[in-house]
Amino acid sequence: MTTVVSFIKQPLVIALLLIVALLALGESLSPGFASADQILRLLIVASLLGIVAAGQNVVILGGREGIDLSVGGVVSLSAIIAGNVMNGADGGILPAILACLAAGAFFGLLNGLGVTLLRIPPLVMTLGMLGVLQGLLVVIRNGIPSGRAAPGLSAFVTQPLALGIPGIIWLWIAIGLFMAFMLNRTVFGHRIYAIGSNEHAAYMAGVPVRRMRIGPFMISGMFAAIAGLCLLGYSGSSFANVGEQYMLSSIIAVVFGGTSLAGGKGGYTGTMAGALLLVILQGILTTVNIDESGRQMVFGATLLLLMLFYGRGRAMRA
Amino acid sequence: MTPTTIETRPIRPGGLKLWLERYPFLPALIIVVALLALNGAFSPNSLSYRSLTGLLSTYMALIMLAIAQTYVVSAGDIDLSAGATLSLVNVVIVVLMEKWGGGASAVIGAMLAGILLGLACGVINGIVVAALRLQAIVATFATSIFFTGLALYVMPVAGTPAPALFWRSYGGRLLGLPFVFYVLAVLALLLFVLSRTRLVTQLLAVGDDQQAAYQTGLPVVLVRIKGYALCGLFSALAAFCLTGDTASGDPLVGSKMTLYSVAAVVLGGSALAGGWTTVVGSLLGALTIGLVNSLVFFMGTPSEWQNFVQGLAILLVLMAGVLAGRRARA
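Those protein sequences? They're chains A and B, same order as listed. For the first sequence, numbering that gives the first Met the number 0 begins at 0 and goes up steadily by one. For the second sequence, numbering that gives the first Met the number 0 begins at 0 and goes up steadily by one.
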């Protein structure tokens, strides 16, 4: 009996159970919600969030209040860069990917340097960087048109690629496998967990703590850049602040996946389920016929309710 | 064995360090003075009595919100719903004042209701974070969505005007002095009284070391809830200032202000980790943001570059604030 309870209390299991429950609820509220087509569409939206959350997850796992508030800015910036580099031509896809990754890595590097060299708390550093990125968006937007997605990119995101499943979902699965490999099977991954659970012990054990703090921020920037690129493919053209919504929802996806904001505990598989859970919840709220105010209230209250299922802090003990 | 010589000179902190310890907001004050000087150099008119009063009445809402944030940061928490609370109080008092006729009694009644509402929002946050033990960043983000929903329910679209009595008083003069000066004076008095209370000390104790505070017998959960209540109260005061400045209700007005309030707290020299905060610093931090914005304008920055330069300048001052604050604490 206890094994059953402990199995059910695992974050990944909670998230999966909630996903099934929400799909059933959605189907009963509006028939067709859980049809194969709809689920594919939800998966596409979830994959965009999930890719941003992958980087966020690495930063949070690294501990010491690790958090990246600048991801939303990088997503928007990357969507604009990609739109302008490819400008509707398939030949521009590869240069666009390289440009976006470079931009994401660059801003991640700046975040990492601020956090390590100057020892600025991640929340403050990435918050300041978000302001810079938002300003940069205004500069770019006034100088050049927003650009269009190449047909190849749009097809990759929205059309079936293999087995009737769009390319972006395959990409998300690949990222999931990559993350599982990186976090569980590489020295880099083990070091992230080590630093996240006890930085001092990790340092004493010879982990290059400083260098290890920069890596996660660069990874986060690059994943956000990939998501921005895919978002451009999803929407066709980039518009103002497309990425803003990903800032806090990526953190919530990580939390719903069972990763502790204190770092050192959790993984990406749960985060994938967390992202899907969040997207399904939003999907249900848009199908239900209530006005915006009611939708927001239900969304906020449900988020709080769901958080109660996950790792709550420990009660104070003497 | 060689005899060990004992150093007789007492180890005393250096002069600068002592000053920083006593007045942790000094770096923020220096930055504000420097920004004022720069503003004056680029446009002497910006230092006139009139424009400074204008700056103060525009940024008084952010000042209040930064102070609100400071109290939760003291206890090591954070409130990402402060801006949403501000929006909610803003629309509720505008609607109530209109409903009750827009006279003096309606204004006072609505403000009392606004204060109660702000306190209620704060207590909800406190219960969710401290009693239910959810993580502050994500939990207060969730409540901010809820509060925004409530604000949209009260006023679906922005634009309902506040009664003339309210904004004329706020933007006007009383006994020959601009009204904001009285707001500032009352705020200073309020902060002084609060700094003498046990609650502020308890908040700092909890923020410094929660476990230690618990073991000395502090009711940690209750103290944190009170911290959030104080944050809600000042968010309501921020809403009054904002309503006086914009003269209308807007259900989404505060959403952009939350992160600025966090930035202002850091700019002022407080530690986000808690246990070391300065409300005067937060006040100066909010002014810094206002002065950076006006400086970028007066420098003649091309309009499309203004946001970028502002963002960059604020990032640089944030770094300076963190570094200076650390020197003071080390």
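Calculated from the structure, these hints are not laboratory results. It is possible that some hints are incorrect.
Sample of chain B residues facing chain A (criterion: CB under 10 Å; computed from the structure) [what the hints assert, rightly or not]:
1. V32
2. I77
3. S104
4. V127
5. T142
6. F146
7. S168
8. G170
9. L174
10. M298
11. P301
12. N306
Glycine included, each C-beta is placed from N, C-alpha and C at the ideal position.
Hints versus structure:
1. Here the hint on B/V32 is broken, as its CB sits about 22 Å from the closest CB of chain A, past 10 Å.
2. At its closest, the beta carbon of B/I77 sits 8 Å from a beta carbon of chain A; the interface hint therefore holds under the 10 Å criterion.
3. Interface restraint check for B/S104: the shortest CB-CB distance to chain A comes to about 29 Å, outside 10 Å, so the restraint is violated.
4. Given the 10 Å rule on beta carbons, the hint for B/V127 holds: about 6 Å separates it from the nearest Cβ of chain A.
5. The interface hint given for B/T142 holds, since its Cβ lies 6 Å from the closest Cβ of chain A, which is under the 10 Å cut-off.
6. Nearest Cβ of chain A to the Cβ of B/F146: about 8 Å, under the 10 Å cut. The hint holds.
7. With its C-beta approaching chain A no nearer than about 30 Å, B/S168 sits outside the 10 Å limit, and its interface hint is violated.
8. Of the supplied interface hints, the one on B/G170 is violated, with its beta-carbon coming no nearer than about 29 Å to a beta-carbon of chain A, more than 10 Å.
9. Interface hint status for B/L174: violated, as the beta-carbon distance to the closest one in chain A is roughly 40 Å, over 10 Å.
10. Residue-level restraint check for B/M298 is violated (minimum Cβ-Cβ distance to chain A is 15 Å; threshold 10 Å).
11. At a threshold of 10 Å, the smallest CB-CB gap from B/P301 to chain A is about 9 Å, leaving the interface hint in force.
12. Hint status for B/N306 relative to chain A: holds, with the closest Cβ pair at about 4 Å, below 10 Å.
Checked against the numbered hints given earlier, the structure breaks hints 1, 3, 7, 8, 9 and 10 and satisfies all the rest.
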